[in-house]
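K.L.:
One-letter residues, chain by chain:
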Amino acid sequence: DAGVIQSPRHEVTEMGQEVTLRCKPISGHDYLFWYRQTMMRGLELLIYFNNNVPIDDSGMPEDRFSAKMPNASFSTLKIQPSEPRDSAVYFCASSPNPGHRDTEAFFGQGTRLTVV
Amino acid sequence: DQQVKQNSPSLSVQEGRISILNCDYTNSMFDYFLWYKKYPAEGPTFLISISSIKDKNEDGRFTVFLNKSAKHLSLHIVPSQPGDSAVYFCAANTQGGSEKLVFGKGTKLTVNP
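Those protein sequence lines, which keep their order, are chains A and B.
For what it's worth, this note's numbering labels the leading residue of the first sequence as 198, then goes sequentially.
For what it's worth, this note's numbering labels the leading residue of the second sequence as 13, then goes sequentially.
FYI, nobody ran anything at the bench for these hints, they're computed from the structure.
Some hints could be false.
[Claimed, not checked] When the alpha-carbon atoms are kept at most 27 Å apart in a straight line, the in silico DSS-like pairs for lysine-lysine are as follows:
(1) B:K68 to B:K80
(2) B:K68 to B:K17
(3) B:K112 to A:K221
(4) B:K17 to B:K120
(5) B:K68 to B:K120
(6) B:K112 to A:K275
(7) B:K80 to B:K66
(8) B:K68 to B:K83
(9) B:K112 to A:K265
Being a predicted model, the structure only gives us computed values, none of them experimental.
Using the sequences plus the hints, can you model the full thing?
P.N.:
What follows is the structure, encoded as structure tokens:
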């Protein structure tokens, strides 16, 4: 398996524009996570899905952020409208069963978002 | 409120010496702990984990120690190698409970040749 695939790797956009980040999890993994990394807050969990269903979106910072998982092999994180403070590295991760021993989340390479 | 804390943003050690990275947690419900390593421009990768039923887990040069009473864990790397230079994240969750992995802010380790 190629691992978790994220696109684009880098995104530069102007304030107010819509941004869509994409993720393809590892086949067979039931859980998908979206994280945001910043210097100030480290790795923050934004939302996670189980079997394509959003389970916990309490980490989503504002209504400007939304995430979908239309099928087991694809998820999007959308920011509309984007703001400079959204600039960060966004990671997608997937896991077969993260709540149990000897399982862990596998991360994609991340999308570095810059909002100017 | 940071439930998982890595109070040292950076650590520098000489090649061949021991690296000790520390992590504290506040949530007593956490019972499974993981360390991830992250190189620049890459995603974090799993390194080693420990369950709360143990106080030590070893994998090659990497050992994680858990002190439940102090709510503290540490990662020891012996001997340290230049290729170990990376950001190390501590993470925790509750087995059989929430699937959330809560991460610390990370410690940047630099191993000097």
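K.L.:
Check each numbered hint from earlier against the structure, then list the numbers of those it violates in ascending order.
P.N.:
none
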